[in-house]
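Student: What follows is each chain in one-letter form.
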Amino acid sequence: MSLAIDVRRLRFRYGGGPWVLDIRELTLERGTRAFLFGSSGSGKTTLLGVLAGVLKPDEGEVGVLGRDLASLSGAQRDAFRAAHIGYVFQMFNLIPYLSVLDNIALPVRMNAQRKARLDGAGVKETAAMLADHLQIGDLLKRRVTELSVGQQQRVAACRALIGAPELIVADEPTSSLDFDRREAFLELLFRECERAGATLVFVSHDRALEGMFSRTISLPDINGAAL
Amino acid sequence: MLSLDLALKSLRNRAFSTSLTVGSIALSVALLIGVENVRVGMRESFSNTISQTDLIVGAKGGTIQLLLYSVFGMGSPTNNLSWDTYREWAEHPAVEWTIPYGLGDSHRGFRVIGTNEDFYRHYRYRGGQAIALAEGRAGSEVFDVTLGADVATELGYGIGDEVEVTHGIGEVGFLNHEHLPFTVVGILDKTFTPVDRAVYVTLEGIEAIHFGWEDGAPPMPGEEPTPDDVLAMEEIEITQVTSFFVGATNRRDVLRLQREINDYESEPMMAVIPGLALSEMWQGIGYAETGLRVVTIFVVLVGLLGMLVSLYTSLNERRREMAILRAVGAGPRRIVALLVLESMCLAAAGAICGLGLVYVLLSAGQPIVEAQVGLFIPIRPPGAVEWLFLGAVVTAGFVMGFVPALKAYRTALHDGLAVRV
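Taken in order, these protein sequences are the chains called H and W. Using my numbering, the first residue of the first sequence is number 1, and each one after it goes up by one. Using my numbering, the first residue of the second sequence is number 1, and each one after it goes up by one.
Incorrect hints may have been included.
[Said to hold, decoys possible] Computed cross-link-like contacts, DSSO-like style, restricted to lysine-lysine with a CA-CA straight-line distance of at most 30 Å:
no. : chain 1 : residue 1 : chain 2 : residue 2
1   : W       : K60       : W       : K407
2   : H       : K124      : W       : K9
3   : H       : K141      : H       : K115
4   : W       : K9        : H       : K115
5   : H       : K124      : H       : K141
6   : H       : K56       : H       : K141
7   : H       : K56       : W       : K60
8   : W       : K9        : H       : K141
These are calculated hints, taken from the structure and not from any lab test.
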């Protein structure tokens with residue numbers, strides 16, 4: 001199975017509201033660094049919710065890493081997300097009462113498959129290694145509330161990457177960073193995804209970053225739901 | 001384990017509101033357990049007012065009335081028994097010892113009890129403790145007076161002080177037997193029973209103050225006997241007692257003895273078994289007890305509701321946290337578990353702190369309460385009732401935790417990964 005994402009005839013709406021997503025087809029090869037753009041309100045976050053298995057589509061198939069999420073139960077989708085998907089939010093990514101290290105280690109403690117993929121290395125060591133790669137190795141013991149926004153986003157990236165999930169979903173993770181830092185953050189993220197062989201779906205409304213990606217998807221072009 | 005770890009860290013992160021919540025639960029639990037302890041202490045001190053006495057005998061009347069005036073120094077006796085009748089029963093083969101009581105007089109609000117050396121020899125309270133003298137000696141002469149510990153303290157009397165006896169019971173007796181002064185010869189050790197609030201004279205003393213009285217009327221002025229008249233008498237004849245305590249030779253004979261006394265034909269009289277009468281009385285007072293318990297249970301509920309409010313109101317600012325947990329793979333069930341665990345931890349911490357608080361307060365307050373109120377509250381390891389209360393509090397915390405938990409569950413399902421406010 002070489003497709004990381006294979007969405008067919010997907011339709012989604014909140015409650016009985018208007019359709020938010022109506023996507024005939026969206027496929028993504030494994031290992032792709034995809035740039036998904038669209039203006040705010042074009043359904044970006046909703047699509048990510050569906051891909052991550054948090055939202056259940058009303059119609060269609062949502063193939064992710066060879067599994068059709070639409071046919072899974074809520075608990076199965078939760079377990080699938082825990083095992084195979086790393087997620088980075090736009091901001092406020094971290095749980096305030098956990099240390100940097102505990103925040104990074106959270107997915108591994110939550111899911112046995114993620115832990116098994118550490119290949120016997122300790123959680124702490126792996127977290128420390130990832131933190132080193134993202135140049136925040138000296139912050140592990142700190143409280144997350146003491147970190148700058150840029151540092152927080154790197155911690156969030158470490159958390160998404162730990163235990164080598166096959167799919168990394170990032171929802172405008174750089175929008176709160178200034179331009180120089182955006183590029184630096186992206187380069188670190190790319191390097192880690194490549195190291196782990198992970199597929200990256202990166203969402204933004206800011207097309208200035210488009211050139212750094214191997215594939216660009218325009219959500220308004222593929223989303224038939226008129227908004 | 002992860003959920004518990006998260007719950008504890010989350011609570012620690014909100015240390016201020018957590019400690020307030022735990023504090024309020026602890027206070028309410030301490031109140032609940034404290035009231036329970038005081039209740040047990042009260043009941044024990046009540047039923048330990050008198051011990052090892054098998055029967056209390058007096059003129060026919062109400063059982064509780066007999067108990068009240070003989071043991072608690074409350075209410076008034078209706079009738080006396082003749083001395084001959086008393087002697088007859090005292091020498092009954094099934095009777096090992098007796099303590100005669102002559103009642104009806106008072107000294108500045110404290111009851112005067114006429115008795116004899118049998119009182120000091122046989123009277124027992126709280127698990128068989130005997131009457132002991134703090135100073136002086138037990139009264140044995142006509143004008144000797146022995147004071148209960150509280151009487152001596154409250155009236156500031158010492159050995160050698162003169163005391164007047166009032167006829168009738170009450171703060172101000174209507175007639176003072178002031179022509180016959182009594183002298184304090186002894187003060188009893190504190191017993192934390194009604195013994196402390198009584199004045200003990202001899203039966204002869206009681207007779208002496210009533211010399212010259214006819215049909216309840218005092219002697220005419222000028223005809224009162226003087227102390228010298230009384231002392232000149234070779235022997236004072238005791239004519240009556242109000243009630244007497246009986247120790248049976250064999251406890252198996254008590255019921256038979258009681259029946260015999262109740263059926264005695266020469267004089268209408270009755271015998272009560274103190275243990276039974278005491279528990280009958282306690283049942284009457286027990287309503288207040290239940291009321292108190294209901295109130296404290298409500299206080300605990302209020303404490304837990306405070307916790308509910310604090311958890312519930314914190315949920316809105318924690319929606320972000322829930323979304324993050326969802327993103328890393330937490331199912332709605334784990335969100336529920338997290339909040340229920342938080343609630344349980346708060347309740348458990350409150351319960352344990354409350355229990356600790358009770359012991360701290362008890363050990364600090366026990367001597368004070370004992371000295372001030374005369375109530376001895378035993379300190380003992382938590383018993384079945386305490387564990388039951390603590391279990392109930394933690395269970396209530398568990399059940400109540402579902403209120404914020406289900407709210408968070410719905411919010412988490414609705415929010416997904418985006419926080420819509």
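Student: Take the hints in turn and mark each one as holding or not.
Tutor: Here's how the hints hold up against the structure:
| no. | hint | result |
| --- | --- | --- |
| 1 | W:K60 <-> W:K407 | violated, 68 Å |
| 2 | H:K124 <-> W:K9 | holds, 18 Å |
| 3 | H:K141 <-> H:K115 | holds, 21 Å |
| 4 | W:K9 <-> H:K115 | holds, 22 Å |
| 5 | H:K124 <-> H:K141 | holds, 11 Å |
| 6 | H:K56 <-> H:K141 | violated, 37 Å |
| 7 | H:K56 <-> W:K60 | violated, 86 Å |
| 8 | W:K9 <-> H:K141 | holds, 15 Å |
Going down the numbered hints, you'll see the structure goes against 1, 6, 7, while the others check out.
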